[in-house]
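A.B. asks: Same order as they appear, the protein sequences are chains A and B. The opening residue of the first sequence carries number 70 in this note's numbering; numbering runs sequentially from there. The opening residue of the second sequence carries number 71 in this note's numbering; numbering runs sequentially from there.
Please note that the accuracy of each hint is not assured.
Said to hold, decoys possible - Residues of chain A placed beyond 10 Å of chain B at every Cβ, according to the derived structure:
no., residue
1, Gly106
2, Leu158
3, Leu232
4, Ser242
5, Ala266
6, Ala276
Claimed, not checked - Each computed SDA-like pair below joins lysine to any residue, with the alpha-carbon atoms no more than 25 Å apart:
no., chain 1, residue 1, chain 2, residue 2
7, B, Lys374, A, Ala239
8, B, Lys454, A, Thr137
9, B, Lys374, B, Ile446
10, A, Lys121, B, Arg72
11, B, Lys160, B, Gln205
12, B, Lys374, A, Arg157
13, B, Lys374, B, Gly386
14, B, Lys454, A, Gly125
15, B, Lys374, B, Arg92
16, B, Lys454, A, Gln250
17, B, Lys454, A, Gly151
18, B, Lys374, A, Ala136
19, B, Lys115, B, Ala178
20, A, Lys180, B, Lys115
21, A, Lys121, B, Lys374
22, B, Lys374, A, Gln250
23, A, Lys180, B, Ala231
24, B, Lys454, A, Ala140
25, B, Lys115, B, Phe100
26, B, Lys374, A, Asp150
27, B, Lys115, B, Val103
28, B, Lys115, B, Pro202
29, A, Lys121, B, Gly461
30, B, Lys374, B, Val149
31, A, Lys121, B, Gly386
32, A, Lys180, A, Gln250
33, B, Lys454, A, Gly200
34, B, Lys115, B, Val149
Just so you know, the hints here were simulated from the structure itself, not pulled from any lab data. Ideal Cβ positions, reconstructed from N, Cα and C, are used throughout, including at glycine.
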Amino acid sequence: MIQIANARKQFGSVTAVDGVSFVAQDGAITGLLGPNGAGKTTTLRMLYAVMKPDSGEVRVDGVDAVATPQAAQARLGVLPDGFGLYPRLTAREHLDYFGALQGIESDQLAKRTEELIDLLDMRAIADRRTGGFSHGERTKVALARALVHDPQNVLLDEPTNGLDVMSTRAVRSIVRRLRDQGRCVLFSSHVMQEVSALCDSIVVIAAGRVVAQGTPDELRHQTGYQNLEDAFVALAGLDQGAHE
Amino acid sequence: MRTARQTLIVCRKELRDSLRDRRALWSILFSVVIGPVLIGFMMNKLADRQRDADAVRVPIVGMHRAPALVNWLNQQAGVHVVEGPAEAEKAVREQREAVVVIVPDDFAERFRSSRPAPLQLVADSSRNDVRPSVQRVQILLQQYAAEISSLRLIMRGVSPAAMRPLAIEEIEVSTAQQRAAQILTFIPMFIMVAGFVGGMQIATDSTAGERERGSLEPLLVNPAPRMAFVAGKWMAATLAAVVSVCLTTVLCAQLTRLLRLEDMGIRLEIGPQHVGPILLAVAPMCLFTAALQAAVATLARSFKEAQTYMGVLILGPMLPGVLSSLYPIGNATWTYAVPMLGPYVLLTDVLGGRVPDTTAFLTSAGTCLLASAILIQITTGLFKSENIIFGR
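With the rest of the complex left out, here is chain A:
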């Protein structure tokens, strides 16, 4: 379970995140939805403890991520914005490296690596260097790497961005499977269809603030739009610019 309460983050004179609060439950997929520049990535970075909020609270399974970032990080699997792979290492070596840093014993790590290679259908590319990988293949490696230590909470920053249909489907099925295993999955997107197809709960974020949250049905109800995309546009305040 991931909790964030009244988190604020400022870069110079720009307030990127302005008092964000929400909870992502175990056994549920929570979507962090917002237009580009809304503060999604900054929010996630505070959740996975590479950024400290200026004020506010972040907890992962009850562990304070601000005071004890490493303890929180041990409970998180993260697919950051831009995958950041090492082009000279193979897919398997990526899992080895991160698994070892997470403190997994080598025999257990080998077993886990095999599982993930099967789960993500990457047997054919497992021992190739990632330098020449396609976007979809790189997504798989980065996702496998995020899951190598079997984390209870999974954070995905725009995981399906730029993927083709088949890869998108593969990622979605993995996300559902993680939910069905009782994990807490939080993923960000700026694509309404993506979120509506997948999420049990949606947090709409705009200009650094949470403007609405709830199930897809609740959001439709709240805004009075049957179409979720219209609801999103209304909630994010995107329609106001068009009228002026």
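With chain A's structure known, arrange chain B on it following the hints.
C.D. replies: Here is chain B on its own, set in the frame of chain A:
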């Protein structure tokens, strides 16, 4: 304990990663090898010339007219008399011979009657490479003349000493030797540069490069103290630096053996017994340069910028070597306490056959370690800064 393990994991990964960077490996190898090879080439040239002068071939036209001279010449060490070519001047002009001695027809007759007997020395004074040989032949002929005149004086009851109002003793400071010794002073510099260049690639690629690739953020999501990441990268860079120091040292050792420097009157041997002291002198410097490189590269905005800074930093290990050829650096105690200077002075001591005392080694290693520790602290601080992690 856990932090130490994570440090080793990071170190292992960086070493593996950099070993696969073929282009960087070649450029390191090139810069490690180029120094010793250059020295070898220059020394070999010098040694060749020296040997040429020592062993001289004297072609003589008209040998039968001066059998005594030929005999005497053949008895001198390293002199080899051969029959001269028919067209002596042409042979010298076409550089087939360095020098040719011509014994004219009237030599024997004038010699017997104690009149100056003519000898012709055909040489091309515009050729630098044969000058030692020509000089050698000139000196040989003068020596022969002096011996004959002494004999003639004795026969006439005059002491040869009367003919020598001055006793000039030549103290030979051969220019070839000087030049060779000067070239050899660059060996410590090459070893130090090898240490610097060896660690450079990992130190920049694993910091500035890691951020540029976007792999720094996922790396830092792993639950490890920032110190573990920095220390791991630093360790990998240091190890690479030490390996390249060993490589250069072995190369230089092979070189000094191949060149047979003792032939040139130079006492410099790098044997297995020197490897330990050399490493003791340079390894602490590798710790320091790797830490410095990592700190500077972390501060750089991009990989390219980091490389530019490295180009400036490399002056550090070069400066003592360059300065010492202009301005002799003694081995005063304070010199050991300066990070780049200490290892240089230690190296020149070790290579010069003096084994510095333990205090000198400890002083140098201590300062390098202290400076490294401070730099690692700084880099760890940078790794905690969001401005650095996310590239401003």
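A.B. asks: Please go over all the hints and tell whether each is borne out by the structure.
C.D. replies: We went through each hint and held it up to the structure:
1. Gly106: 15 Å, holds
2. Leu158: The claim is violated: Leu158 of chain A sits with its nearest Cβ about 6 Å from chain B, within 10 Å.
3. Leu232: Leu232 of chain A is indeed farther than 10 Å from all Cβ atoms of chain B, at 17 Å.
4. Ser242: 23 Å, holds
5. Ala266: It holds; Ala266 of chain A is separated from chain B by about 26 Å at its closest Cβ, greater than 10 Å.
6. Ala276: Answer for Ala276 of chain A: holds, closest chain B Cβ roughly 20 Å.
7. B:Lys374 with A:Ala239: Given pair Lys374 of chain B, Ala239 of chain A is violated - Cα atoms ~38 Å apart, limit 25 Å.
8. B:Lys454 with A:Thr137: Cα-Cα ~14 Å, so holds.
9. B:Lys374 with B:Ile446: Distance ~22 Å between Lys374 of chain B and Ile446 of chain B Cα, so the pair holds.
10. A:Lys121 with B:Arg72: 24 Å, holds
11. B:Lys160 with B:Gln205: Satisfied, since the Cα-Cα distance of roughly 20 Å is no more than 25 Å.
12. B:Lys374 with A:Arg157: The given pair, whose Cα atoms are some 19 Å apart, holds under the 25 Å limit.
13. B:Lys374 with B:Gly386: Status holds; Cα separation ~20 Å.
14. B:Lys454 with A:Gly125: Holds - the C-alpha atoms of Gly125 of chain A and Lys454 of chain B are around 19 Å apart, at most 25 Å.
15. B:Lys374 with B:Arg92: With a Cα-Cα distance of about 18 Å, the restraint between Lys374 of chain B and Arg92 of chain B holds, given a limit of 25 Å.
16. B:Lys454 with A:Gln250: Not satisfied, since the Cα-Cα distance of roughly 34 Å exceeds 25 Å.
17. B:Lys454 with A:Gly151: Distance of about 20 Å is within 25 Å: holds.
18. B:Lys374 with A:Ala136: 36 Å, violated
19. B:Lys115 with B:Ala178: Distance of about 40 Å is beyond 25 Å: violated.
20. A:Lys180 with B:Lys115: 62 Å, violated
21. A:Lys121 with B:Lys374: 29 Å, violated
22. B:Lys374 with A:Gln250: Not OK: Lys374 of chain B and Gln250 of chain A at ~45 Å, beyond 25 Å, violated.
23. A:Lys180 with B:Ala231: 98 Å, violated
24. B:Lys454 with A:Ala140: 17 Å, holds
25. B:Lys115 with B:Phe100: Answer holds: Lys115 of chain B to Phe100 of chain B is near 22 Å, not above 25 Å.
26. B:Lys374 with A:Asp150: Within the cut-off at roughly 23 Å; holds.
27. B:Lys115 with B:Val103: Distance of about 18 Å is within 25 Å: holds.
28. B:Lys115 with B:Pro202: Distance of about 13 Å is within 25 Å: holds.
29. A:Lys121 with B:Gly461: 16 Å, holds
30. B:Lys374 with B:Val149: 60 Å, violated
31. A:Lys121 with B:Gly386: 38 Å, violated
32. A:Lys180 with A:Gln250: Answer holds: Lys180 of chain A to Gln250 of chain A is near 19 Å, not above 25 Å.
33. B:Lys454 with A:Gly200: Given that 25 Å is the threshold and the Cα spacing comes to 28 Å, the pair is violated.
34. B:Lys115 with B:Val149: Holds - the C-alpha atoms of Val149 of chain B and Lys115 of chain B are around 21 Å apart, at most 25 Å.
Violated hints, listed in ascending order, are 2, 7, 16, 18, 19, 20, 21, 22, 23, 30, 31 and 33; each of the other numbered hints is respected by the structure.
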